[in-house]
Amino acid sequence: NAGVMQNPRHLVRRRGQEARLRCSPMKGHSHVYWYRQLPEEGLKFMVYLQKENIIDESGMPKERFSAEFPKEGPSILRIQQVVRGDSAAYFCASSGRDYYEQFFGPGTRLTVL
Amino acid sequence: DQQVKQNSPSLSVQEGRISILNCDYTNSMFDYFLWYKKYPAEGPTFLISISSIKDKNEDGRFTVFLNKSAKHLSLHIVPSQPGDSAVYFCAASEINAGKSTFGDGTTLTVKP
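Residue numbers (the numbering used here), protein chains in the order written: chain A, 18 to 130; chain B, 22 to 133.
Hints should not be assumed to be uniformly reliable.
To give an idea of the chain A side of the interface with chain B (calculated C-beta under 7 Å), a few residues [what the hints assert, rightly or not]:
#  : residue
1  : 33
2  : 59
3  : 65
4  : 69
5  : 71
6  : 73
7  : 108
8  : 116
9  : 117
10 : 121
11 : 122
12 : 124
It is worth saying that the hints were derived from the structure and are not from the lab.
Just so we're clear, the structure is a prediction, and the values are computed from it rather than from any experiment.
Built from N, CA and C at the ideal position, the CB exists for glycine as well.
Pulled out of the complex, with its shape left as it was, chain A reads as follows (with noise of 0.2 Å):
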């Protein structure tokens, strides 16, 4: 499968726990994109990166949130100290030289309790 992979695909954490979201891009792809879709809304941007470069943070809480997508290996969303606002669907997409094309994973289901 040489789509966009992201795991875990569901994912619970007590409250103050932290969570470390995965995403593979497609293969040649170097452009990494994180939006979060909270229950009836659409997805909003949080971060934009290519190979160990943050471009574009600007819709992450300034707070717990990080975000790498370093030489080797696949991009790590982390939420750390994790509250039951943070519960979502976290998807990562990723594109080539084209951004407006960007082809998006199947999300990871977070669940806070």
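We have chain A; now place chain B onto it with these hints.
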């Protein structure tokens, strides 16, 4: 301030008829517009797009119309099929920005 709006949360049409999904935007810097289709528990799937230099783009049963002066775009599906039942998201991008701004989606139900 929501820059991309889909004012109809849901739409129901009969199989074989036309489905028209609407989207309005406020940011005049948007230069590329996309429609995505999403099934439950899956990621959005790209459907069709249009550049701001065009006013129409057609791909099979799907046509997107762009009215820049009204800051409005629409997706026409004809004829509609039950398999088209899904949530449709309108999205917009600014030149060189990378990120896409999404509307809240319209749930389309096509009845057999």
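These are the hints, each one checked on the structure:
1. 33: Hint on residue 33 of chain A: violated, closest Cβ of chain B at ~27 Å, above 7 Å.
2. 59: Holds. Min distance 4 Å.
3. 65: Check passed: Cβ of residue 65 of chain A comes within 4 Å of chain B, closer than 7 Å.
4. 69: With a closest approach of 16 Å, the residue 69 of chain A hint is violated.
5. 71: violated, 11 Å
6. 73: holds, 6 Å
7. 108: holds, 5 Å
8. 116: Holds. Min distance 5 Å.
9. 117: holds, 5 Å
10. 121: Residue 121 of chain A check passes; min Cβ-Cβ to chain B is 4 Å, inside 7 Å.
11. 122: holds, 5 Å
12. 124: OK, holds: residue 124 of chain A within 7 Å of chain B, min 5 Å.
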